[in-house]
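Trainee: Each chain, written out:
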Amino acid sequence: NAGVTQTPKFQVLKTGQSMTLQCAQDMNHNSMYWYRQDPGMGLRLIYYSASEGTTDKGEVPNGYNVSRLNKREFSLRLESAAPSQTSVYFCASSGGDTQYFGPGTRLTVL
Amino acid sequence: AQSVTQLGSHVSVSEGALVLLRCNYSSSVPPYLFWYVQYPNQGLQLLLKYTSAATLVKGINGFEAEFKKSETSFHLTKPSAHMSDAAEYFCAVSRYNQGGKLIFGQGTELSVKP
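So the sequence lines, in the order shown, correspond to chains A and B.
Okay, so the first sequence: first residue is 428 according to the working numbering, each after it adds one.
Okay, so the second sequence: first residue is 11 according to the working numbering, each after it adds one.
Each hint should be verified, as a subset may be incorrect.
With a straight-line Cα cutoff of 20 angstroms, these simulated SDA-like cross-link-like pairs (lysine to any residue) come out [to be verified]:
id : chain 1 : residue 1 : chain 2 : residue 2
1  : B       : Lys59     : A       : Arg499
2  : A       : Lys484    : B       : Ala11
3  : B       : Lys111    : A       : Asn489
4  : B       : Lys111    : A       : Arg499
5  : A       : Lys498    : A       : Gly523
6  : B       : Lys111    : A       : Tyr527
7  : B       : Lys111    : A       : Asn455
8  : A       : Lys484    : B       : Pro50
9  : B       : Lys111    : A       : Pro488
10 : B       : Lys111    : A       : Lys436
11 : B       : Lys59     : A       : Gly469
12 : B       : Lys111    : A       : Val487
13 : A       : Lys484    : A       : Glu500
14 : B       : Lys59     : A       : Gly522
15 : A       : Lys436    : B       : Pro50
16 : B       : Lys111    : A       : Ser478
17 : B       : Lys111    : A       : Gly523
Listed next, the stretches of chain A that the computed footprint assigns to chain B, with coverage defined by at least 3 CB atoms under 8 angstroms from CB atoms of chain B [what the hints assert, rightly or not]:
id : stretch
18 : 464 to 475
19 : 521 to 532
For each label pair, taking beta carbons as the anchor points, the in silico distance ranges come out as [what the hints assert, rightly or not]:
id : chain 1 : residue 1 : chain 2 : residue 2 : range
20 : B       : Gly26     : A       : Glu506    : 46 to 56 angstroms
21 : B       : Pro124    : A       : Glu506    : 44 to 54 angstroms
22 : B       : Gly72     : A       : Pro488    : 18 to 28 angstroms
23 : A       : Val439    : B       : Glu119    : 47 to 57 angstroms
24 : A       : Val439    : B       : Ser90     : 35 to 45 angstroms
I should point out that these hints are in silico values taken from the structure, not numbers from a laboratory.
Cβ coordinates follow ideal geometry from the N, Cα and C atoms, glycine included.
Construct all of the structure, not just a fragment, from the sequences and the given hints.
Mentor: Right, dumping it as structure tokens:
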């Protein structure tokens with residue numbers, strides 16, 4: 428099992444550009460999550476999906492959109508990137524009370 | 011609202027010394043509590059979790075944590091630090107009826123000196 432995979436690993440964008448971060452899990456989990464990690468702030472929830480076809484906002488959703496494409500895949504889109512979105516992004520999935528995390532995407536917005 | 015506070019953003023111990031990482035939480039209902047570890051340039055890995063069973067929870071790599079409701083604490087300990095324990099540690103809380111959403115503390119970076 429690969430667990431939770433994320434692409435790309437690194438990305439540099441210019442302000443105003445758009446991009447989609449991809450996440451997939453092979454554990455047949457219903458729930459999936461997107462977090463951002465910033466120094467001294469821990470991880471903060473951006474969006475989550477409790478099951479295929481449903482999504483909901485987390486703590487810091489502004490500037491992001493998500494798509495739960497199917498049970499395996501949950502993508503995060505930045506429509507118009509801003510320097511404040513420079514961060515490390517983690518996807519996670521859960522089939523119960525434990526979340527399993529991907530390796531992260533390091534995004535820099537210039 | 012739930013929140014998590016980790017006391018100390020950096021903790022340094024000598025190899026073989028006790029590791030104590032502090033976590034306090036606030037929650038209006040019985041929480042689920044977690045400790046995750048993050049090694050450099052990697053994702054988060056679950057160390058241990060409390061989900062209303064035994065209050066003393068044992069995890070991987072010799073770590074354990076005790077849930078103390080009266081102190082609203084869930085401190086992480088390890089009797090003897092190893093160089094490989096150097097990493098960032100995150101405490102997190104969730105509620106059983108909130109779809110597993112986690113609220114994280116700000117993290118504690120553990121350094122281990124030879």
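Trainee: Against the structure shown, which of the earlier numbered hints fail to hold, in ascending order?
Mentor: Hints 1, 8, 10, 22, 23 contradicted; others consistent.
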